[in-house]
Amino acid sequence: MWFMYSVSWLAFLIQVCFITLSIAAGLYYLAEIVEEYTVMAGKFIKYMIWLTSLVYIGFIIFESLSMSLMLLGLASNGVYLLLLKNFPFIELSSPIFLFSLVLIIINHYMSFSYFASVYHPFTEVSLLFCDTQVALSPS
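With the first letter of the sequence shown counted as 1, position 95 gets the number 96 in the numbering used here; the numbers rise by one all the way through.
Hints are supplied without guarantee of correctness; some may be wrong.
Derived Cβ-Cβ restraints for the label pairs, each shown as a range [unchecked claim]:
hint: 1; residue 1: Glu64; residue 2: Leu99; range: 27 to 33 Å
hint: 2; residue 1: Val103; residue 2: Val8; range: 46 to 52 Å
hint: 3; residue 1: Leu31; residue 2: Ile106; range: 22 to 28 Å
Because the hints were derived from the structure by calculation, they are not lab data. No experiment lies behind these values; they were computed from the predicted model shown. Using N, Cα and C, we set each Cβ at its ideal position, and we do this for glycine too.
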C-alpha cells in the first residue's frame with residue numbers, strides 16, 4: 002500500500018508542475034498579446050472595468066452586502082479608469098498608480114473582514130474576489 006501512496010504523491014507533484022507551466026505559458030502569451038495589440042487591450046480592460054462597475058451596482062441594488070465595501074469597489078474602478086488614460090505607459094511612481102495599489106489592499110482587507118464576520122457561501126465570496134481581477138489584469 003505504501004508504494005501506491007508514494008506513486009500517487011509523485012503523480013500529484015508532476016501534475017502541479019504541469020499546471021504551473023501551463024499557467025505560466027498562458028500568462029506569457031497574454032502578455033505578448035497585450036504588448037502587440039495595446040489599443041485593443043486597453044479597450045478590453047476598459048470594458049472589463051465598466052462591466053465590473055455594473056456588477057457592483059447590481060450588488061448595491063439587489064443584495065444586502067456592505068455598502069461601504071461596494072462603494073469602495075466603485076471608487077477603485079474609477080481610479081483604474083484614470084490609470085488607463087496613459088495606457089500602456091504606467092509610471093510606477095505616479096500618484097494614481099500608488100493610490101490604486103492602496104485601494105486594492107484596502108478593498109481586499111475590508112472584504113476579508115466582512116466575509117469573516119458575515120457568512121456567505123463560498124461561490125458568492127469567490128465571485129466578489131474575482132470581481133477585483135480588473136485591478137490585476139495585465140497592463
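Q) Are there hints from earlier that the structure breaks, and if so, what are their numbers? A) Hints that this structure does not satisfy do not exist here, as all of them hold.
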